[in-house]
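For the record, the sequence lines run as chains A and B.
Mapping of the first sequence onto our numbering: position 2 corresponds to residue 472, and the numbering continues sequentially without gaps.
Mapping of the second sequence onto our numbering: position 7 corresponds to residue 157, and the numbering continues sequentially without gaps.
No wet-lab data here; the hints were simulated from the structure.
Yeah, the Cβ is synthetic: ideal placement off N, Cα and C, and Gly gets one too.
Do not take every clue at face value.
[What the hints assert, rightly or not] Computed cross-link-like contacts, DSSO-like style, restricted to lysine-lysine with a CA-CA straight-line distance of at most 30 Å:
id, chain 1, residue 1, chain 2, residue 2
1, A, K484, B, K235
2, B, K216, B, K235
3, A, K573, B, K235
4, B, K235, B, K224
5, A, K604, A, K573
6, B, K235, A, K604
7, B, K224, B, K259
8, A, K573, A, K484
9, A, K604, A, K484
10, B, K224, A, K573
11, B, K235, B, K259
12, B, K216, A, K573
13, B, K216, B, K259
14, A, K573, B, K259
[What the hints assert, rightly or not] Just a few of them, taken from the derived set where beta-carbon distance is under 10 Å, the chain A residues facing chain B:
id, residue
15, E493
16, V512
17, I521
18, S566
19, L569
20, R570
21, I579
22, L585
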Amino acid sequence: MARVEIRLPNRRDKMSEVGAMVESFVRAQGGSGETVHDVGVVLDEVLSNIIAYGYGPEQAGEIVVRADIVDGRIVVEIEDGGQPFDPLSLPPPDLSAPLRERKVGGLGIHFVRQLMDEVAYARVGGTNRLRLSKQLPVTPTRRD
Amino acid sequence: MELVEIRRDPLVIVEPRGRIDTVAAEPFGNRLTELIRSGSRHMLIDLQHVIYISSAGFRALLIAGKLAEESNAKLVLCGLSAEIKRLFEIGTFMDLFTICASREDGMVKAQ
Chain A
471 MARVEIRLPN RRDKMSEVGA MVESFVRAQG GSGETVHDVG VVLDEVLSNI
521 IAYGYGPEQA GEIVVRADIV DGRIVVEIED GGQPFDPLSL PPPDLSAPLR
571 ERKVGGLGIH FVRQLMDEVA YARVGGTNRL RLSKQLPVTP TRRD
Chain B
151 MELVEIRRDP LVIVEPRGRI DTVAAEPFGN RLTELIRSGS RHMLIDLQHV
201 IYISSAGFRA LLIAGKLAEE SNAKLVLCGL SAEIKRLFEI GTFMDLFTIC
251 ASREDGMVKA Q
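Construct the complete structure from the given sequences, taking the supplied hints into account.
Put into structure tokens, the structure is as follows:
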């Protein structure tokens, strides 16, 4: 089964490592350069959000990242036990302001929505679950 | 991320390599503002060796861009891969910066 599960503490210094692991998983599953890139960006956005806002300053928590291939799509699920937060509830960023007035609040989740085909949030028990999916390019691959 | 700097007085070429993710965006942004504050007025950021830029990296670019504007400094970008260009488009950053297709063009525009 093509599946990977990674558990990480809510620490910024662990994010790059997890991103690189999921990127190699996507590449190994036949993801194009674009898909690998998009999953890398999106994971950075989601994990940094959880780590920055999900927990209190000294509060330790665990984040679970699962990546899976389902019906030719890469599906990434991110779960955390931080405070309830639906990133999809954020207003879209103002993308029309000139340089001196431009703010980047909301840009991360805007990237997530634009780069993925589907994004869904659910609060399950005491857990935030964000499910992201994107179609993999259709290429004949060898099955072992 | 690794940050390479090449000096061709008065031009400074900044070449980040790797991922400008949430963690890397901080030293990247700090270095750009430090360069402008210490008097650099002609800067080219060559992104050809960048794998991706997340929103934190764009925040760093915006802050540097604003500071450059206030300081009458030129800040030019080049070397955008197709994927990175797409993020610039999604974030509507294309019009906020001078973006050149090649490093040579960028070096001329940043002068």
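Going down the list of hints, with the structure as the test:
{"no.": "1", "hint": "K484/A / K235/B", "result": "27 Å, holds"}
{"no.": "2", "hint": "K216/B / K235/B", "result": "20 Å, holds"}
{"no.": "3", "hint": "K573/A / K235/B", "result": "19 Å, holds"}
{"no.": "4", "hint": "K235/B / K224/B", "result": "20 Å, holds"}
{"no.": "5", "hint": "K604/A / K573/A", "result": "28 Å, holds"}
{"no.": "6", "hint": "K235/B / K604/A", "result": "19 Å, holds"}
{"no.": "7", "hint": "K224/B / K259/B", "result": "8 Å, holds"}
{"no.": "8", "hint": "K573/A / K484/A", "result": "27 Å, holds"}
{"no.": "9", "hint": "K604/A / K484/A", "result": "24 Å, holds"}
{"no.": "10", "hint": "K224/B / K573/A", "result": "21 Å, holds"}
{"no.": "11", "hint": "K235/B / K259/B", "result": "19 Å, holds"}
{"no.": "12", "hint": "K216/B / K573/A", "result": "11 Å, holds"}
{"no.": "13", "hint": "K216/B / K259/B", "result": "18 Å, holds"}
{"no.": "14", "hint": "K573/A / K259/B", "result": "26 Å, holds"}
{"no.": "15", "hint": "E493", "result": "9 Å, holds"}
{"no.": "16", "hint": "V512", "result": "9 Å, holds"}
{"no.": "17", "hint": "I521", "result": "8 Å, holds"}
{"no.": "18", "hint": "S566", "result": "7 Å, holds"}
{"no.": "19", "hint": "L569", "result": "5 Å, holds"}
{"no.": "20", "hint": "R570", "result": "6 Å, holds"}
{"no.": "21", "hint": "I579", "result": "9 Å, holds"}
{"no.": "22", "hint": "L585", "result": "8 Å, holds"}
In summary, this structure violates none of the numbered hints.
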